[in-house]
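**Q** Sequence:
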Amino acid sequence: MELSGSEGSIIFYPKVRDFDVGDVLYLRERGQTISQAEDSKAIENGVIVQIISKGIANYPQADSKALFRLLTSAHSTTVTYRSYNEPKEIIDEFLIGEFVVRASVQRGEWREPEGKVVTRNVDIFPISPEFLTQNIIAHQEGINILLGEYKERPVEVYAGGFEKVNLITGMKGGGKSHITKGIIHLQRKLGMPSIVFDINGEYNGLPKSHLIRPTENLRFRLDQLPIPSLFSIFDQLSLFNSQPTDNAVKAKLPELIEQRIQVGNKPDLQFLRDQAREICGNQDMMRGAYERGISNLISYNIFCTEAEAREEEKAIKEKREPRTGIVSLRTVLHRMSRSIQTLEDTESSTEKTKQVKSQTLEDLKKNIGILVFDMGGLSSIIQKVIVTLVIDQLKEICRKQYLALQKDRIEIPIYPSVFFEEAHMYMDEGYIDELIPLIRHLGMNLFFVTNTPSALPDSVFRLVDNVIMTRMVNKKDIDKVIGCGLTDKRTIEGFAKDLPRYHNLFLSANNGATKNFPLVFKVRDFTASQTEGGEDLPKSGVTRSMWEIIKEKYTE
Numbered sequence: 001m002e003l004s005g006s007e008g009s010i011i012f013y014p015k016v017r018d019f020d021v022g023d024v025l026y027l028r029e030r031g032q033t034i035s036q037a038e039d040s041k042a043i044e045n046g047v048i049v050q051i052i053s054k055g056i057a058n059y060p061q062a063d064s065k066a067l068f069r070l071l072t073s074a075h076s077t078t079v080t081y082r083s084y085n086e087p088k089e090i091i092d093e094f095l096i097g098e099f100v101v102r103a104s105v106q107r108g109e110w111r112e113p114e115g116k117v118v119t120r121n122v123d124i125f126p127i128s129p130e131f132l133t134q135n136i137i138a139h140q141e142g143i144n145i146l147l148g149e150y151k152e153r154p155v156e157v158y159a160g161g162f163e164k165v166n167l168i169t170g171m172k173g174g175g176k177s178h179i180t181k182g183i184i185h186l187q188r189k190l191g192m193p194s195i196v197f198d199i200n201g202e203y204n205g206l207p208k209s210h211l212i213r214p215t216e217n218l219r220f221r222l223d224q225l226p227i228p229s230l231f232s233i234f235d236q237l238s239l240f241n242s243q244p245t246d247n248a249v250k251a252k253l254p255e256l257i258e259q260r261i262q263v264g265n266k267p268d269l270q271f272l273r274d275q276a277r278e279i280c281g282n283q284d285m286m287r288g289a290y291e292r293g294i295s296n297l298i299s300y301n302i303f304c305t306e307a308e309a310r311e312e313e314k315a316i317k318e319k320r321e322p323r324t325g326i327v328s329l330r331t332v333l334h335r336m337s338r339s340i341q342t343l344e345d346t347e348s349s350t351e352k353t354k355q356v357k358s359q360t361l362e363d364l365k366k367n368i369g370i371l372v373f374d375m376g377g378l379s380s381i382i383q384k385v386i387v388t389l390v391i392d393q394l395k396e397i398c399r400k401q402y403l404a405l406q407k408d409r410i411e412i413p414i415y416p417s418v419f420f421e422e423a424h425m426y427m428d429e430g431y432i433d434e435l436i437p438l439i440r441h442l443g444m445n446l447f448f449v450t451n452t453p454s455a456l457p458d459s460v461f462r463l464v465d466n467v468i469m470t471r472m473v474n475k476k477d478i479d480k481v482i483g484c485g486l487t488d489k490r491t492i493e494g495f496a497k498d499l500p501r502y503h504n505l506f507l508s509a510n511n512g513a514t515k516n517f518p519l520v521f522k523v524r525d526f527t528a529s530q531t532e533g534g535e536d537l538p539k540s541g542v543t544r545s546m547w548e549i550i551k552e553k554y555t556e
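For the sequence shown, position 118 (counting from the first letter as 1) is numbered 118 according to UniProt numbering, and the numbering increases by one without interruption.
All the pointers check out, no bait thrown in.
No farther apart than 25 angstroms at their CA atoms in a straight line, the calculated lysine to any residue pairs in the SDA-like style are these: (1) LYS15 to PHE125; (2) LYS164 to LYS515; (3) LYS266 to ILE227; (4) LYS476 to SER177; (5) LYS384 to ASP223; (6) LYS400 to ILE227; (7) LYS164 to HIS441.
Derived Cβ-Cβ restraints for the label pairs, each shown as a range: (8) GLU112 to LYS319: 53 to 63 angstroms; (9) GLU112 to PRO226: 38 to 48 angstroms; (10) GLY533 to ASN367: 20 to 30 angstroms; (11) ARG310 to GLY485: 48 to 58 angstroms.
If you are wondering where the hints come from, they were derived from the structure by calculation, not from laboratory data. From the three backbone atoms N, C-alpha and C, an ideal C-beta is built for every residue, glycine too.
Can you build the whole structure from these sequences, using the hints too?
**A** So this is what it looks like as structure tokens:
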């Protein structure tokens, strides 16, 4: 064994005792002192280490022997007696495992490494899985989620360990969506709603999920949209491509929309287009830019017409589905909480009757749902608009929920978890950079799910609280994950390419799910039946192949 600072290596004979990458060992010092105050029990000291890579043991004798074999092999055509055919020796079968110190044991207590080292006079053995999980996994009775197992010991983590920024990454086909679906489902069972931006159609079969297809069954209503959100969309799309027109719109449009609402009408994009002269006056060039911009926005088909808005309101009053099949974002978000009262209803009824607070834990567990925004096939521009408008609305909901909690009107606020599949496809770096610092004050939790971590901005990795990584071989992506700062470079490099099938690496901050201890665990089969230990979740999408069908014909 060698140990220098926080890194070291151990030579072992795999036929007697083999170790895998990710295994955790205890190097316990021998000759422990005895404490009379502790019923004559030994006070243990040592270090906890984790294997990060394996290889063939290298030592001078092995090098000499290999060189001799190579030499005799080169002359084997002329040498009658091939002396290199001697019997194999046990020394040839030794392996070396490189390790990193993860923790120390001081007077029998689990502590941070704190620079502790041990001599070669140690007992070396695998640490008890039960002892390991007790010390590194945050656990809170009643609100844990079972993700898998470590050496047949359940990996059951406190759901609150996933505050606030999370990354689930790995190579294509590594199981990212599988564990993501498990997290969404198990959080929902505990009362946590989720919003999912789905690109590949992976999440629409989850229990209590609502599939939302923007432009088809979801459109946004101008009378429900904060003016800053509308202007943000104008800027994002460079809608008018004219600074004078932009200035005129921002100066005059809010008042026109408000006047329309005050007289009981519903503003829509056609109404906005008709206001060209009111906004731009007799400036033909400005008016042309304005009309072209609004017409382009109409063509995206993401905003309700006045008729659709009226039909939705009528359907809500009559407690039925709109005949148009179109609902607004507010209705969609209300469905996330199923039968729970809207915040407006809660506020008015509480003020009048001082009734018992709503949104109890039982309410949430029973009624909370999952919203899946199916954005596959939509243009990148439309995807960006949808995400911006949804996130803006969620910010407002979180703000209202916080105020209601402060005023003692609700028992538990709804701060949803938001899952972004391949966020780089529809979110600009600047938008992500602005969003991540804000969510800590809004209450939401973010999950970035991607097989291309190198496409995400640095802010994700600087502020990430948890990383779940499947096998990864792309050096550019590995280097990006290294920037998360949740563990050392050698650990991520060592684990990334060698993770076994169905296994993930779990990294977290000190207040995260694994308390800054890199844990390699076997992921639970969430698609299995509940009697077999699963959750009956739908399997990930199967890649369709014409060649597979042709192959079957040849094997019949």
